[in-house]
Amino acid sequence: MSEAVALTPRPPRRGRRWWSTGVVVVVLAVIAILLFSLVRGASLFVFEADEAVQQRDELGDDRFRLIGSPLDGSIVEGEFEGRSALYFSVRFGESVVDVIHTGSDPTALFQPDVPVFLEGRWQAVPDGVDRFAEGVNDGWYFASDTLRVKHDEDYRDDNQDRISEAEQGGR
Amino acid sequence: MSTRPSTGSTVTRVIGIAALIALALLLCAAFWWSEPDAQQGDAVRLFYLHVPVAILEYVAFIIAGVGSVMYLWKRSVFGDVMAHAAAEVGVVFCALTLITGSLWGRPTWGTYWDWGDVRLVTTLILLLLFVGYLALRQVPGDRHTRSKQAAIVALVALIDIPIINRSVEWWANRTLHQRSTLIEGKIEDINAFATFLGFLACGLVLSWFLVHRFRVAWLEREVATHGLERALSERRAEGAEV
Chain H
18 MSEAVALTPR
28 PPRRGRRWWS
38 TGVVVVVLAV
48 IAILLFSLVR
58 GASLFVFEAD
68 EAVQQRDELG
78 DDRFRLIGSP
88 LDGSIVEGEF
98 EGRSALYFSV
108 RFGESVVDVI
118 HTGSDPTALF
128 QPDVPVFLEG
138 RWQAVPDGVD
148 RFAEGVNDGW
158 YFASDTLRVK
168 HDEDYRDDNQ
178 DRISEAEQGG
188 R
Chain Z
54 MSTRPSTGST
64 VTRVIGIAAL
74 IALALLLCAA
84 FWWSEPDAQQ
94 GDAVRLFYLH
104 VPVAILEYVA
114 FIIAGVGSVM
124 YLWKRSVFGD
134 VMAHAAAEVG
144 VVFCALTLIT
154 GSLWGRPTWG
164 TYWDWGDVRL
174 VTTLILLLLF
184 VGYLALRQVP
194 GDRHTRSKQA
204 AIVALVALID
214 IPIINRSVEW
224 WANRTLHQRS
234 TLIEGKIEDI
244 NAFATFLGFL
254 ACGLVLSWFL
264 VHRFRVAWLE
274 REVATHGLER
284 ALSERRAEGA
294 EV
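Protein chains in written order, with our numbering: chain H, 18 to 188; chain Z, 54 to 295.
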C-alpha cells in the first residue's frame, strides 16, 4: 500500500517565495546603502574648533563639520549677501572661530555655552563685514549653512533654582 | 456555554490592566506632575517614553537572541517560537524608538534625522536587520533550516546593540546624541519618577504583547504541524484510491 502513496512535495507557492526573498534582498540592499551613507557621512569630517584652526591650511575649501559652544554676548542677528544671517563665535578648547550662519533658523536651544554642530567651510572675511562682537577677528570665518544644537545629558527642572532657594529658607 | 478561542489568561489580563493603569499614570506624570526642563522646555516630556522604549527594544531583541541560542544549541522549539515573538515585538519597539526620537530631535537639535549620528543610523540598521529576520522566517522551505538561518541572523544582529548603546560614549564629542543620562544619574526627583513610570508602563506593554504573540506563534506552529499531518493523510487517501 505504501508504494501507492505519492509523498512527493507539491510545488511551492511561487508568489509567497518571491515576496519573502524580495524583502530579504531589499533589506540587505538598504542596509548596504545605510552603511555606505554612514561611512560617507563620517567622511564629512568633524573638527572641534581648535582642530579646525590648527588644520585651516590643509582644510582649504573643504566642507566639514565644526563643533564648538557659542560665546556669551557674541550672537548678533544681521544680513550677509542679502540674506538674514547670524554672526557669532564658538569656542572649543583654547581656540575661537568666528561664524556666519546663513541657513535655516536654529531651535530655541541655541544659546551661549550650549554646543552646536555647524556644516560649512572656511572663508576669508570679505570687505564690509563688521568685526565679530566677541570674536577672534583673524580675517577668517566659518561659512555655515546647517546648524544643529546638541543638548547635554543633564535634566533639571525649570524651577530648580526656586526649590533650592526654598530649601535654604527662601529670600 | 461556548468559549471563544483566545490567547488570553488570568495572568495576561492582570498584566494588561496593570499596563493600562501604568500608562495612565505615565501620562499624568509626563504632562502634569513633571516640570519643563531648564534647557529643553516641554520637549523633555518625550524622554519618559523614548528612553524606556529604546531600552526595552534591546530587551526584546536580547530575548530573541536567547531563544535563538536555545534553538541552535538544543533545537528547542520553545526557544525558536520565543525568538520569533520577541523579534516581532522588538521591531515594533525599535520603530517607536526611531519615531519618538525623530519627534524629539526636531525641537531640540533642529532636525528629524542626522545621517552623521552613529546612534540613529545603527538603530535603523538594527530595525532593518530584524525586519530581514522576520522576512526570512516567512521564506518557504524546510522548517529546521529556516529556523537555524533565522537564529544566526538574530545573533549577528545583536552585535549592533552594544555599538548603539556605547556610541554616545565612544564618539562623545562628535555625535549629536547626548551622553548616557541614566547610567550617570543625571535625572532627579519627579523627572526620575516619570522615567520609572515609563519603564514600568512600557515593560508591562512589552510583556503583554510578548506573551500573546508567543501563544499565537505557538498555535501557528501547531496548525502547521497538524496541517502537514492532515495533508499526508489526504495523500495517502489519494494513493489508496488509485
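Do not take every clue at face value.
[To be verified] In silico EDC-like cross-links for lysine to aspartate or glutamate, where the CA-CA straight-line distance does not exceed 20 Å:
no.	chain 1	residue 1	chain 2	residue 2
1	H	K167	Z	D95
2	H	K167	Z	E222
3	H	K167	H	D74
4	H	K167	H	E75
5	Z	K127	Z	D195
6	H	K167	H	E136
[What the hints assert, rightly or not] Derived DEER-like restraints, expressed as beta-carbon distance ranges:
no.	chain 1	residue 1	chain 2	residue 2	range
7	H	W36	Z	F249	40 to 48 Å
8	Z	E275	H	L51	31 to 39 Å
9	H	R73	Z	I205	44 to 52 Å
10	Z	E241	H	Q128	19 to 27 Å
11	H	S112	Z	I205	46 to 54 Å
12	H	N154	Z	W224	25 to 33 Å
Hints listed in this document are in silico derivations from the structure and should not be mistaken for laboratory results.
Cβ atoms here follow ideal geometry from the backbone N, Cα and C, with glycine treated the same way.
Hint check against the structure, violated hint numbers in rising order:
3, 4
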